Structures are given as C-alpha cells and as structure tokens.
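S.K.: Going down the list, the sequences are from chains F and D. Residue numbers for the first sequence follow this note's numbering, so the first one is 1 and each next one is one higher. Residue numbers for the second sequence follow this note's numbering, so the first one is 1 and each next one is one higher.
It should be emphasised that the hints constitute simulated quantities derived from the structure, not laboratory data. All values reported here derive from a predicted model rather than from experimental measurement. Even glycine gets a Cβ: it sits at the ideal position worked out from N, Cα and C.
Derived coverage of chain D by chain F (criterion: at least 3 residues anywhere in the stretch with Cβ under 8 angstroms from a Cβ of chain F; other residues may be distant):
| # | stretch |
| --- | --- |
| 1 | 91-100 |
| 2 | 110-116 |
Simulated crosslink set (DSBU-like; lysine-lysine; CA at most 30 angstroms straight-line):
| # | chain 1 | residue 1 | chain 2 | residue 2 |
| --- | --- | --- | --- | --- |
| 3 | D | Lys-103 | F | Lys-142 |
| 4 | F | Lys-213 | D | Lys-103 |
| 5 | F | Lys-213 | F | Lys-324 |
| 6 | F | Lys-142 | F | Lys-213 |
| 7 | F | Lys-255 | F | Lys-294 |
| 8 | F | Lys-141 | D | Lys-103 |
| 9 | F | Lys-312 | F | Lys-269 |
| 10 | F | Lys-269 | F | Lys-257 |
| 11 | F | Lys-193 | F | Lys-312 |
Incomplete in silico selection of chain F near chain D, CB under 10 angstroms:
| # | residue |
| --- | --- |
| 12 | Arg-172 |
| 13 | Gly-212 |
| 14 | Asp-217 |
| 15 | Asp-482 |
| 16 | Thr-484 |
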Amino acid sequence: MSETREPVIGIDLGTSNSAVAAVVDGQPRVIPNRAGLLLTPSIVAVSRNGKRLVGGIAKRQAITNAENTVHAAKRLIGRRWGSREVEDAREVLPYELAPGPDGHDVRVRMGGRLYPVQEISALVLAELKADAEAFLGEPVKKAVITVPAYFNDGQRQATKDAGVIAGLEVLRIVNEPTSAALAYGFGRQLEKKVVVFDLGGGTLDVSILDIGKDVYDVVGVGGDTYLGGEDFDRRLVDFVAGAFAAEHGGIDPRKDKMALQRLKDACEKAKCDLSELPAAALSLPFLVAGPEGKALHLERQLTREELERLTKDLVDRCIEVTDKTLRDAGVRRAEVAEVLLVGGMTRMPRVQAAVRTYFGREPSRGVHPEEVVALGAAIQAQALVHPEQLAAEPLLLDVTPQHLGIMVAGGYFRTVIPRNTTVPTSQTHVFTTVQENQTAVRIAVLQGASERAVENELLGEFVLSGIRAAPRGAVEIDVTFDITADGILGVAAHDRETGQRQSINVTATSGLSHDELEAIVKQRDAPLPAAPVQEEEP
Amino acid sequence: MTLGGAIDKLPGPPEVSGGRAPVNATPLPPLPLEEADLREEVDLPLDLRREILALEARLPETMWEVLGLPWNASATQARAAYLDRIRQFHPDRYGGRRLGSFKGRLDRIVQRLTEARDLLTDERRREAYARETAAPEELARLEARRLDEALRSEERRARLARSASLVGTATRAGELVRRGRAALEEGRHGEAANDFLTAASLDPRNAEVRQLARQAREKQAAQQGRANAEEAEKLEKLGQLGAARERWSEAARLCPAELRYQVECARLARRHGDLEEARRRAETAAQLAPADARAQEALGLALAAEGRALEAKRALRRALRADGSLEEAREQLRRLRWRFFG
Numbered sequence: 001m002s003e004t005r006e007p008v009i010g011i012d013l014g015t016s017n018s019a020v021a022a023v024v025d026g027q028p029r030v031i032p033n034r035a036g037l038l039l040t041p042s043i044v045a046v047s048r049n050g051k052r053l054v055g056g057i058a059k060r061q062a063i064t065n066a067e068n069t070v071h072a073a074k075r076l077i078g079r080r081w082g083s084r085e086v087e088d089a090r091e092v093l094p095y096e097l098a099p100g101p102d103g104h105d106v107r108v109r110m111g112g113r114l115y116p117v118q119e120i121s122a123l124v125l126a127e128l129k130a131d132a133e134a135f136l137g138e139p140v141k142k143a144v145i146t147v148p149a150y151f152n153d154g155q156r157q158a159t160k161d162a163g164v165i166a167g168l169e170v171l172r173i174v175n176e177p178t179s180a181a182l183a184y185g186f187g188r189q190l191e192k193k194v195v196v197f198d199l200g201g202g203t204l205d206v207s208i209l210d211i212g213k214d215v216y217d218v219v220g221v222g223g224d225t226y227l228g229g230e231d232f233d234r235r236l237v238d239f240v241a242g243a244f245a246a247e248h249g250g251i252d253p254r255k256d257k258m259a260l261q262r263l264k265d266a267c268e269k270a271k272c273d274l275s276e277l278p279a280a281a282l283s284l285p286f287l288v289a290g291p292e293g294k295a296l297h298l299e300r301q302l303t304r305e306e307l308e309r310l311t312k313d314l315v316d317r318c319i320e321v322t323d324k325t326l327r328d329a330g331v332r333r334a335e336v337a338e339v340l341l342v343g344g345m346t347r348m349p350r351v352q353a354a355v356r357t358y359f360g361r362e363p364s365r366g367v368h369p370e371e372v373v374a375l376g377a378a379i380q381a382q383a384l385v386h387p388e389q390l391a392a393e394p395l396l397l398d399v400t401p402q403h404l405g406i407m408v409a410g411g412y413f414r415t416v417i418p419r420n421t422t423v424p425t426s427q428t429h430v431f432t433t434v435q436e437n438q439t440a441v442r443i444a445v446l447q448g449a450s451e452r453a454v455e456n457e458l459l460g461e462f463v464l465s466g467i468r469a470a471p472r473g474a475v476e477i478d479v480t481f482d483i484t485a486d487g488i489l490g491v492a493a494h495d496r497e498t499g500q501r502q503s504i505n506v507t508a509t510s511g512l513s514h515d516e517l518e519a520i521v522k523q524r525d526a527p528l529p530a531a532p533v534q535e536e537e538p
Numbered sequence: 001m002t003l004g005g006a007i008d009k010l011p012g013p014p015e016v017s018g019g020r021a022p023v024n025a026t027p028l029p030p031l032p033l034e035e036a037d038l039r040e041e042v043d044l045p046l047d048l049r050r051e052i053l054a055l056e057a058r059l060p061e062t063m064w065e066v067l068g069l070p071w072n073a074s075a076t077q078a079r080a081a082y083l084d085r086i087r088q089f090h091p092d093r094y095g096g097r098r099l100g101s102f103k104g105r106l107d108r109i110v111q112r113l114t115e116a117r118d119l120l121t122d123e124r125r126r127e128a129y130a131r132e133t134a135a136p137e138e139l140a141r142l143e144a145r146r147l148d149e150a151l152r153s154e155e156r157r158a159r160l161a162r163s164a165s166l167v168g169t170a171t172r173a174g175e176l177v178r179r180g181r182a183a184l185e186e187g188r189h190g191e192a193a194n195d196f197l198t199a200a201s202l203d204p205r206n207a208e209v210r211q212l213a214r215q216a217r218e219k220q221a222a223q224q225g226r227a228n229a230e231e232a233e234k235l236e237k238l239g240q241l242g243a244a245r246e247r248w249s250e251a252a253r254l255c256p257a258e259l260r261y262q263v264e265c266a267r268l269a270r271r272h273g274d275l276e277e278a279r280r281r282a283e284t285a286a287q288l289a290p291a292d293a294r295a296q297e298a299l300g301l302a303l304a305a306e307g308r309a310l311e312a313k314r315a316l317r318r319a320l321r322a323d324g325s326l327e328e329a330r331e332q333l334r335r336l337r338w339r340f341f342g
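Using the sequences and the accompanying hints, generate a full structural model.
M.R.: Quick look at the structure:
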C-alpha cells in the first residue's frame, strides 16, 4: 500500500507569517523553510527585474519596492470589492487594489499585472509546499489549511482555491484556534474546557473547546476579523510619524511610501522588542528629504508604557470580544480550566495580563504561539488520511462560525442554522408564500449576523417553482439546511403539498469563477512560481 | 490493497483489514438488516457496517436509546456516551476511505448523536425530555411516588393534630373557649382573642365562638387604642409632636370608628402642615358623627387651612351651632369673615 506513506502537511497561512508542519514518526513537527527558518513571511513581490519573490526575500526588498510587494493578503482574501474591510485596507496598504472583471472580487497590482488575491496566497502556499517537499524528500499533494474561526464561507472557499492554485488538494479548512487546541492537547489525555485566545497579525479569534477522550468539541467561537498585531503597529506608526511631523514642520513620513514601509518595519520590530524590554530604540537615518533637500533622520526611544497607552483600547477590545464569546456559548469563566495563548501578539505582556485578569488564572505557556497552529493542522491532516500513524487519534468537532439562513419577505434575514452549531448538522424550517397564487419562491442563502439580508454574505440562490396556486400563506415549504462534516452546505426546498423539490450545494463564491481558476491552474503547470533563494537581489 | 476487497468476504469472519481470510469459513447467523446495504463496496469493516446500519435503524427512537443509555440517564452519562459514539461513528474517522452510502449514514448518525448530546447535557431540557419520554410504567411509577408522598404528608399532618390535642378536637375546642372567657373577664383581651380564634378553626361551624372571637378582637383593639391615645397625650405634653402624631394614627388605625382619635389626628396633621391628611381625617370624623361639634370644628379648620373659605365657614357654623363654647372655631370664623369682607 504505497499511499500509506504519502505525506500530508498542515499549513498555517497567517496574515504576517506562515508555517508548514507534518507528522514525522508519529510526532508533529514544524518544517523549516529552505532558509532554515520555521516561519515564512506571508509576503509576495515582483522585483524590478521582473522576478517573483516569496517569503523572506520578498520581505527584505519591501522597503525599496513597496508598491510591488504584497503583504497581509489574508485581510483581502474572499472579501468583496467595496466592502468596509477592503476600503479600509486600500487606505493603509502601499500596493494598489482594483476590482475584478465582475466588479465583486479584489485584485492586487504587482509588477504591472493584476493578480486575484487567491493567487497571491497561492504563491505563499506553493513556497511552503516546496519547502515541505525539500524537507520530506517526496512530492506533497494533500494539505490541511487553517483560517481564523471567524472567516465566512467566501473567505474559506477563497483559501481553498488558493490551495488548488498552489497544486494542493485541501483536505479540510480548519479553524486556527481549534488547530492550536489540537496541538496542545495531542497526547495529553485532557478532560476539560479550554479557551484558545488567538491574537495574530490581523485577527482575533477566541474559541472554547470541551476536550475529552481525544474529542475536541468546539462549543463556541467568536472574534474580530479586524483586530490584530497590525493594528498595534499602526498605532505606533501614527504616533511616531505624528511626533516627527510636529518636530519637522509638518513633514509626514507616511506620505512617502518607502519611508512608510521603513517606519512600519521599525515599529513592528520595536513592538516585539518591547515585549521583552522596557524601552526600544527607533533608528531610521535618512528617512525623508527635508525642506532644503537635506535628509532628515528619525532617532527616538519608545517605551513599553507608551505602547501600552497607545493600544489600551485594542487590548480592552480583545477582552470584550472574549467576554461576548463566553456569554454566547453559555460558558462561565469559572468553568474554564485552561487558557491557551496563540499568535505572536500574545507575547505582549499587557495582553497576557489582561487575559490573566479576566480569567483569574495564569494562561498556559506550554505552546509556541507561532508554531502551534501549523502543528495542529498537521495532526488533523494525518488524522484524516492515515490516523493509524498517530499515537492518539484525535477527532475535531467544529461549529458553524456564523448564522446561516435565508432571505424572507421584507428583505429580512431568517436564521436556519444558528452560529455555534456543531457540524455535521441538519435543520428544517417551514416557510410560506407571501403573495396570492405565488407559484415560485426564490431561496437566497445567506450567512451573517445582521437582521437585514443585504448586509449578510450571499452564498447562493435558487428558485423553487411549480408551487400550486393558492392564497398567500396557504402553501408550506420546508427549507432544509444540511452541513456535512467537511463543511459543505446543502440547501433543499420542498413543497409539502406538491412534493416539488429543489436543492443546491452551496459553495460560496471566492470571487474566482470556475473557468478562471482552471486557467490559473493551467498557467501554473507551465513553469513558474517561487523564485529560488540564490536569485535574491543585492 | 484497499479495504474495498472486503465485500468478497461478506459471509466470512468479520475482521476485514487483514489479508486473505478464508472465504465461507463459518456461516453467519441470518442478517436482521438489509442484505443489500451490507453488500455495498466500501472500505469499512463488516462489523462496523453492521453497527452503522443497526444504529441508523434506531435513530428515530428516543435520544436515550440513540446514545445507548437507559431512560433518565444523567447529563454526565450522556456526555460520556456521546464521546464514545462520536469517536466510533464520525465520518472523519474514516477519512480517505471509500464510504459510498455510508458517508450519508454516518452524517445522519452524527447529527442525531449531537442533537441528543445538546438536549441531554442541558439539565432543564433533559428533565423535560425525561418526563416526555417516560414509558407508561415509568409514568405510573412516577405518579405512584407522587401519590405516596401526598399520602404521607397527609398522615404527618394528622399525627401532628392528634398529638396537639389530648382528648380530641371537641374537647380541645371547649377547653380553649373556657380559657378564652376567663381571659376576657380578666381584661386579657389579646389572649382571649387568640384562644377563641384557635377554637373557631378547630370547630368552624360554631357561630358562638366566632362571635366571641370578634368581640375579643374589638376589645383588644379598643384597649390598645386607649393605650396609644394615653401615650400620645403624654408625648404631646412633652412637646414631642411627631411621636404623638404617630401614636394617634396608630390608635385611629386600631379603632377606626373612634371619633376622638380621628379629630386628634386631624389636629396634629394640620399643625404639621399636612393639610390634605388633616382634611381627610376631619372628613372621616364628620362622617362618623355628622352632628358632633368637635368633628365639624376639625373639618372647618382643615378646610380653612386649605383656603376653601366658603366650605370652611359652613362647617365652622355647624360646629358652633352644636357647641357655642368652641373658641378656636369662633376665632377662625371671625378671621374668615374679615378676610371675606376685606
């Protein structure tokens, strides 16, 4: 049975950094990239001589080539053009965004060409895949990829598409906090409730799991897709740039793309340093040109106190989100036996202190916050393909992250499957006609938290026709939502009277049409992506 | 090799993942399940396929049965049973295998198991469901227990009553009445009222006892009212008008028909500027005894204080007609007249 040795990998596709892991000899381990590092920056660039760069080399040239260097693509993946998130991102990102051909999805300009966001992420995934292949000495085709628990179906589908473009069969999209809990609990025989507090580069995820008998039962998820390390960085950048402008007669380094990139890098580094030290130095010589063409330098100290003052509201927000998640899941703080910190931002002492105060217990430090998610993904990948090769066979029971429902009369949203429902699940609601002699109903399947249908994500729609003509309200239509263990949503409508039946498998649109996806995959199979390490620019 | 080959060995021993098991080695007992379902080519051991089909057939049964639990098993048991079953039947456990129709079966089983878990680990829903799903004999047992308890509490009450009485209810009632009368004669009205009321509750059809109880009550109230009034007068002499007013109010509450208490209440309320209270008290007094000079005087003074001059004058004139020696009434009337003319 040759396929029993077929390697599978787990990928943590992060906002700032990504990691890949695999189970080797029954134990999960993070695979170093070809530069020997465990974390690969989620950055893609096209250099001025037209070469595509991924990871560390892309990051190193970001300062001199900010317009053609794409970072934080995770914030855009699966998002719709014109949405609040994309509009906000456009303001702060140095690279250019444009709408796709249908006007709904987001494209990124890099090296004079527009890329779908999926393709950008695919470049990172392909790089990680190549690293894994180099390490394992075998081709890798199957992977589990993690996403924030709060990602909607569109974002998940787009991430899956990115995997396909990178040449990977995506076995499962797993929630990052769940994955972290899996890595933490692996081989430990836990019997308790665990909260995972995952503050990464771009998102905050809070998940509550009830673990027992190697079953990882998610009982609640919550979070904020727009709260993460980059927001902390931006506070520092604004603070430092503001002070600099005040000192130098209104010269704002944020107006110069290269200066902004240098400032961002320096602030991110200072933020990390401040987790260990009470003060950190910012030293940016020749940052911008002064009034008479004289170069201006930025030299200053940042203290941990300043950082904490500037980001106090962000930390408070984290705790608010945590509290809401617990309340939504009906779990009391006292029931929580373990708090797991995941994500680079949880290294910040103030964040740890806030979590400690809220739960009244010391958070667990047994895991490496930036590697644990990839490790869990590798375990899940292995469990889905070759469970017999694992010391313990874990089982993940995940939940729906958002309400799923349909649009009803008046443009309202009616929930059929509420959030925090364990999948697989099936729910049926009865609906009726709203007009006299109505013979067809349009079923619009939506996901989201708003009462107004238009404010939620449209996942798909279909029409149930052939309804018998009757006074309004006299026809009863069963609408059944069905989610399988691998997260595929099926929706069926059924007229009780006539037996008419219509159904669809709802795959959220990731923004890429099927044809487009195929075209990209074909293109990939022609020689392409990751540039070899030695081609780094001087 | 793949596990799909298992189908060749359907009548063979149940272990499947092994190599070449002898075909037709031992005949199986007759299958209670759909033979056709078992013959589907999937990568699952025969035993497991049997269990899946058996559990699927039981899905319409109660949540307890779906989890393999006895009726009314605890929430903790439900969770433990859920974990065991979900580990066995979750399709993720068989990832990468050919599952065919068993995929859908496993999905349905997991859904139902999860439903059962959600319901039975929620204590309130679990209890309601236990009542709902109780078997007839369980319901009968529950009902019997309830009746049993009702019976027992009745007995307890009866025992209590028996031990309280020496020679039975009637004797005890008679005793109480005798004791009550004695107390009444000695002026201990409160104790008398108590005894009569207890006797009345033992012998509810005895009208005489009820009458006695009412009398004793009234006497007790009058006594307490008098005590309060005496106290109030004392306090007023000491200048403690607030305390005195409270005493008068208490006396009036105990004996609402006592004219004097109402008049005194009205007077003190007026002095405290509580004009509405003063008028209400005076009106009550005037209603109790329309011809009483004191009552009319109080009413007149109260109305005057409220500025209702015409009505005040009428009341004051009535007061003076009944008793010409009322100085305060005369004085007030004069003042009203002057103002009226001036």
